[in-house]
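Those protein sequence lines, which keep their order, are chains A and B.
Each residue of the first sequence is one higher than the one before, starting from 1 at the first, in the UniProt record's numbering.
Each residue of the second sequence is one higher than the one before, starting from 1 at the first, in the UniProt record's numbering.
What the hints contain is simulated information worked out from the structure, not anything from laboratory work.
There may be inaccurate statements among the hints.
As the list claims (entries may be wrong) - Residues from chain B shown here face chain A by an in silico Cβ test under 10 angstroms; the list is partial:
| # | residue |
| --- | --- |
| 1 | 28 |
| 2 | 69 |
| 3 | 142 |
| 4 | 151 |
| 5 | 152 |
Idealized CB from N, CA, C, for every residue including glycine.
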Amino acid sequence: MTTLTAPPKTAPPAARPRTRSGTAKWKRRIPLLPALVFTIVVTQLPFVATLVISTFQWNILRPGQRHFVALSNFAFVFTDERLRTAVLNTVVLTASVVLVSVVLGLGLAILLDRRFVGRGLARTLLIAPFLVMPVASALLWKHAIYNPDYGLLNGTLNAVYRLFGASNGPTVDWVSSYPMPAVVISLVWQWTPFMMLILLAGLQAQPGDVLEAAKVDGASAMATFRHITLPHLRQYLELSILLGTIYVVQTFDAVYTITQGGPGSRTTNLPYEIYLTMFRKYEYGQAAAAGVVVVLGSIVIATFALRTIASLFREEVSR
Amino acid sequence: MTHAAVGAPGARLRKLFRRHDHGGAPRLSPLWTFVAWLATLAFFAPVAWMVLTSFHQEADAATNPPTPFASLTLDQYSLLFSRDITPFLLNSAMASVFSTLLVLALAVPAAYALSIKPVQKWTDVMFFFLSTKFLPAIAALLPVYLLVKDAGMLDNVWTLIVLYTAMNLPIAVWMMRSFLAEVPKEILEAAEVDGAGLLTVLWRVVAPVAMPGLAATALICFIFSWNEFMFAVNLTATQASTAPVFLVGFITNEGLFLARLCAAATLVSLPVLIAGFAAQDKLVRGLSLGAVK
Chain A
1 MTTLTAPPKT APPAARPRTR SGTAKWKRRI PLLPALVFTI VVTQLPFVAT LVISTFQWNI
61 LRPGQRHFVA LSNFAFVFTD ERLRTAVLNT VVLTASVVLV SVVLGLGLAI LLDRRFVGRG
121 LARTLLIAPF LVMPVASALL WKHAIYNPDY GLLNGTLNAV YRLFGASNGP TVDWVSSYPM
181 PAVVISLVWQ WTPFMMLILL AGLQAQPGDV LEAAKVDGAS AMATFRHITL PHLRQYLELS
241 ILLGTIYVVQ TFDAVYTITQ GGPGSRTTNL PYEIYLTMFR KYEYGQAAAA GVVVVLGSIV
301 IATFALRTIA SLFREEVSR
Chain B
1 MTHAAVGAPG ARLRKLFRRH DHGGAPRLSP LWTFVAWLAT LAFFAPVAWM VLTSFHQEAD
61 AATNPPTPFA SLTLDQYSLL FSRDITPFLL NSAMASVFST LLVLALAVPA AYALSIKPVQ
121 KWTDVMFFFL STKFLPAIAA LLPVYLLVKD AGMLDNVWTL IVLYTAMNLP IAVWMMRSFL
181 AEVPKEILEA AEVDGAGLLT VLWRVVAPVA MPGLAATALI CFIFSWNEFM FAVNLTATQA
241 STAPVFLVGF ITNEGLFLAR LCAAATLVSL PVLIAGFAAQ DKLVRGLSLG AVK
C-alpha cells in the first residue's frame, strides 16, 4: 500500500480565504493530523519495508543466509513459470468476473430502474449475495452447490433427469473438472449486486426531462438507451469496472477456500501465489518482490480509477 | 452536467426532475416483471438454500436429489454453540466494533478539516487517502506479519483492530466528507456570527445533518471488518481468531457436515446481512467511496 503519483487535480475549492496566518492554518490542520499520521504509519511504512525486503535473499528455513541481492528477486519474479501462470490466472479471473458481473448488473439495474410489483423487496434480496461473508459464500458454493454427491447443482440435475424418466443424472465433479469457472461463478454471484447498485444509482441520476423529450419525439426504447442512457451511464460503468477490478484482483478468500489454487496451479492467482511463497516456501525476498510488482500493476489500474472518481467528484463539488 | 446555467430554460426543470421522477418511472410489463423476479430469485436461491439447509438434519441435507421439504430443526445451531463458536464471534465483534469506533474517531475530525473548515489543498489530501485503499493488502502482509511477530502481537485482536482501522479509514473519510459537505454553509456562518461556540455549532448544526451519514459509515466499516479474512487467517492462531477463520477451520476439523456448515455460514453472515439491509440506501455511497450517491 502506498501513495500514487500526483493525484488528479479537482476544481479549486469554492470559497477559500486568500492568505491565513500560520497559526490559523495549523488550527485547521489539527483535526486532520491523527488520521493522516495513522494512515501514513500503517499503510506507507509496510510498503517501504516490502521494498527493502524485496532486495534480500531471505528464506527463514535457511537462517543466517539473509543477504542483499539487489534486483535478482525481480529477475526471478519475471522469469518464474509459476508466477507467470499466476499473473495469467489473475488476469483471466479478474477480467471474466468483472465483465460478466457488469453485464448482469447492468441488466438487473435496468429492470430495477422501472416500477414493478415488489421492486423494493427484489432489490433487498439481490443485495444479499454481496453481504454474505465471502468465506461463507465460497464454502457454500464449494460444498452445498458444487459437491458432486449431494450438491444442489448435481442434485437438481438429477431431479430433472428423473422427471424425464432417466434413472440418474450426471455426476460431475464441478470443482475438479472446471476449477476456474467454478471460482469465477461464485465471484460473479458475489459481485453482481455491487455492480447493480452503482449502475442503478447512475440510472436514477438520469435527468428525467431528457428521457421525456426522447419519448415525446417518438424515439424507440432501444434508441433512447443507446443514445441517451448509455452515454450518461458511461462514467458509472467505468467506475464499477475499475472499482470491481481493484477489489477482484485482490481475491484471496475464494481461491483459498474453493480450490486452494489447484488443481496444480490452474486457479492460483497472484495474492494466493504470494501467500504460498510467504507461508509455504518461506521465500520472503521473492514474496516481497512479487508484492512490489502487484502494487505497480495496481497503480496503473488505480490511476484510471482515480481519474474517474475525480471527474464524478469535481461534478459534485461544483454542483 | 453542472447546473451552473440557472438562467437557461430547461435547467430549472431538469433540477426539478432530477430526483423526483422515479415515483413516475415507467412500469415493467408483466413479462419483464416475471423476468426480473426470476433473476432475483435465481440470485437469492443460494442464500435461501443455505438458510434452509441450516435448519435441516444432516441426513436430510446430504440427499440427492435434494429434499427441500424435510422437517426443520434447530439442532445445528445448538451444536455450533456447543462447538465453541462463541469466542470467535466475540473476537469478530470486538475487532469490528473497536476498529469502527477508532475509524470514526479519526475520520470525523479529518472530514471536518476537509469540508467544513477545509485545509489548503484538501482535495490532494482526499486523494492521498483514497490511493491507499487501491493498493493490494497482500503486498503489506509480509512486512506487517514480520513487524507484528517481532512486537509479540501475533494472535492478538488489537493487531486486527489497527489493520482494519487502516483498511476502512479512507472509506470513512470519503463518506463522512460527502455527508459533512451537506451541512448548509449559511447556517454555519449565521451560528458563528451569533457567537455560538464550536461545541454548540457541532452539536446543534453539524450533528443533526451528519448523524445518518455517521451511522451509514459505521455500518459500512463494520461490514468490511466483520468479513475480512486474509489478515485474520494469517495473523491469528487460537486466541484472536475471528468468525471467518472459524468457518474454514470448522471444515477441516470436523469433516463435511453440510447442515452444520450452512448453520455456521448463516450465523456468521447474519450481522452483516442485517447491517447491510439496514444501510442499503447508503451502501452504494460507501462502496463507491462516496463517489456515487
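Run through the hints listed earlier and report the numbers of any the structure violates, in increasing order.
The structure breaks hints 2, 4, 5; every other hint is satisfied.
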